[in-house]
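Here the protein sequences come in this chain order: A and B.
-7 is the number of the first residue of the first sequence in the working numbering; add one for each residue after it.
947 is the number of the first residue of the second sequence in the working numbering; add one for each residue after it.
A portion of the hints provided could be inaccurate.
To give an idea of the chain B side of the interface with chain A (calculated C-beta under 10 Å), a few residues [to be verified]:
id	residue
1	V1013
2	G1021
3	F1022
4	K1026
5	C1054
6	H1059
7	D1180
Computed footprint of chain A on chain B, listed as stretches where at least three residues anywhere in the stretch have a Cβ under 8 Å from a Cβ of chain A [to be verified]:
id	stretch
8	1039 to 1049
9	1221 to 1227
Source of the hints: derived by calculation from the structure; they are not laboratory data.
Positions of the beta carbon are idealized from the N, C-alpha and C atoms, including for glycine.
Okay, here's what each chain looks like letter by letter:
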Amino acid sequence: MIELLKQLCSLDGTSGDEGAARDFVISQIKDYCEYKVDNLGNIIAFKKGKNAPAKKVLIDAHLDEVGLIITHIENDGFLRFKIVGGIDTAALLCRRVKISGKIPGVIGCKPVHLCDGDERKKLPDADSLYIDIGVSSADEANTYVAVGDCAVMCSDFTVTGDKILTKALDDRVGCLVLIDLLKQDAEYDFYASFSVQEEVGLRGAGVVAFAVEPDAAIVIDGTTAADVAGVAAAKQVCRQGEGAVVSFMDGATSYDREYYNAALNSGIKAQSKCAVAGGNNAGAIHLSRGGVRTLALSVPCRYIHTAGSVCDMRDIITVRDLAKYMVDQIAGGKL
Amino acid sequence: MDIKEILFKLSDAVSIGNITDASQIAFEELSKYAKTLQNGINVIGEIKGESDYTLMLEAHIDEVGFVVTDIDEDGFLTVKNCGGIDLRALPSRTVVIHGKEKVTGVFCATPPHLGGVKEYDDISVLKIDTLLGEKAKDIIAVGDLVTFNQKAVDLRGSRVTGKSLDNRAGVACLLLLAEKLSDKKLPFNVVFAFTDAEELGCRGAKTAAFSISPDEAIVLDVSFADAPDVPNNDCGKLSGGAMIGMSPILDKGISKTLISIAKENNMPYQTEVMGGRTGTNSDVISISKSGVKTGLVSIPLRNMHTDVEIIDIKDIESVCDLLFKCILKGGNA
């Protein structure tokens, strides 16, 4: 699974530019299920199980990642950009990026030697940042990039024990879980969606839910783990190595309590998300049509939305196992 | 010598404190062209000339980094920076911790609303996650060094990006120069010095200058290149050629000689005028022993002291060419 995760995270897929990630996911699942790609680029897969389900279950992960979009090319060849999704400016300063999956560049910053006291303490305005691809004129820049091109932050893929350090773990961990479930034999039929544009407002999953018209949904995503030095226990949200994170409420959704309780009491290692913050595709799915009973299972992710995000492989496995258990419980009519 | 190949090798390697990988590479390369000795990180090599007059060519080989000052039970490190580093750019940056084995870690990047950093004025609150948990203490000790983790790559044209181009660009330039000088009859002795601990206050250059006891010195370092957020009067132009230093502490004769050679040969150059100390090793070499006539040449560089520094290979080549012509012409002697 680690090798597959490495491949998934290495793909560039800024929201709205998920083509490379989509093609790779299709190559992985095509022999195991039926699938189609809808008008927005969502992959909607149908997995035939051994039994007809009592309820139609949709399980979702998002394909896209946070990134940048080029908005302007300066006369001297520097590229201006907007942030796609939520990225803290500190994560962007002096960061190596890749444009359109091939052109390397760096986000420059004023040398610390030339910054005065106050400048050193505060992050610069995100709009003041620029990408340097090594050209010295707009004409030269135009031969390599165009406005509207997307860029992602570059990173290596580091494995230390159970920990994975790389970019885009949010939400390629979810894609990994879905691919793994689709490759296994299923007890009951279920739908799986690899949805687009989550980071710009849960846009892909909403139309998926309309099209699939599920009775129940399980959303698999990464969530902030602040279990790090200097953060009080009450603010840590969840902890790595403590299993799947089950949400009772976040910034977008009040979750189905029966599903929440069943997930926490399944016998598979799980923890509550101890913060009412953030949001994921559940926010769009649970309000689809006349409402969908929804569960969110998350992988605790440190330094989320940066090129140096960290997940624990053990948590990814528990999310997969718990997702499978919950699909079977719900589709089997027990919940 | 393939200048880019040696530059990338030097940039990817580490030299800081007791870690001497980059200086070892420089030592081996310089040994092909000069009689060398290595003392700690300082690497010194001499090509004899026809007189007793000695020109010292110096480039520092150390890099900015961090030293571990505390390890907690969960495997998070507190560090102190070695050299000037922009704290704002540290969250989510990966680093290599040089413990009993090399460990890849990452600076914590917890969002401000969850207790993360709001003001970047104290590095002790920027912890490094070793990913090792409680096992960290078995591999990492207080005093271990930490460096950026970045491999050099090409940008467009002849521009490249990587860590420690400050000042491996200078080292690579002098290695190329040593190769070019090695089969020439030199009017005087040329001694190359790749020195330690510049980033901590020009320490290696102080002892190297004492040992070499040169009649004249030229320091090769990097300096600020133009970028949208860098004021024009603080920088040179990337790809604009050698930045020839002019300052009250530098020898005016050397500055003039370099400028006239650049002009005579239609070589690209630019001047960098400073009001006093230069923040380079020329500050200490010029007052070594009873004083040394010292010049300063800088290679323009963007994003100094980050792991995304940018230089133009053509600038390295043209600086090398300038120094080569200067020496064959008899220098300032």
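Each hint, compared with the structure:
no.: 1; hint: V1013; in the structure: violated, 17 Å
no.: 2; hint: G1021; in the structure: holds, 9 Å
no.: 3; hint: F1022; in the structure: holds, 4 Å
no.: 4; hint: K1026; in the structure: violated, 15 Å
no.: 5; hint: C1054; in the structure: holds, 5 Å
no.: 6; hint: H1059; in the structure: holds, 8 Å
no.: 7; hint: D1180; in the structure: holds, 6 Å
no.: 8; hint: 1039 to 1049; in the structure: holds (count 3)
no.: 9; hint: 1221 to 1227; in the structure: violated (count 1)
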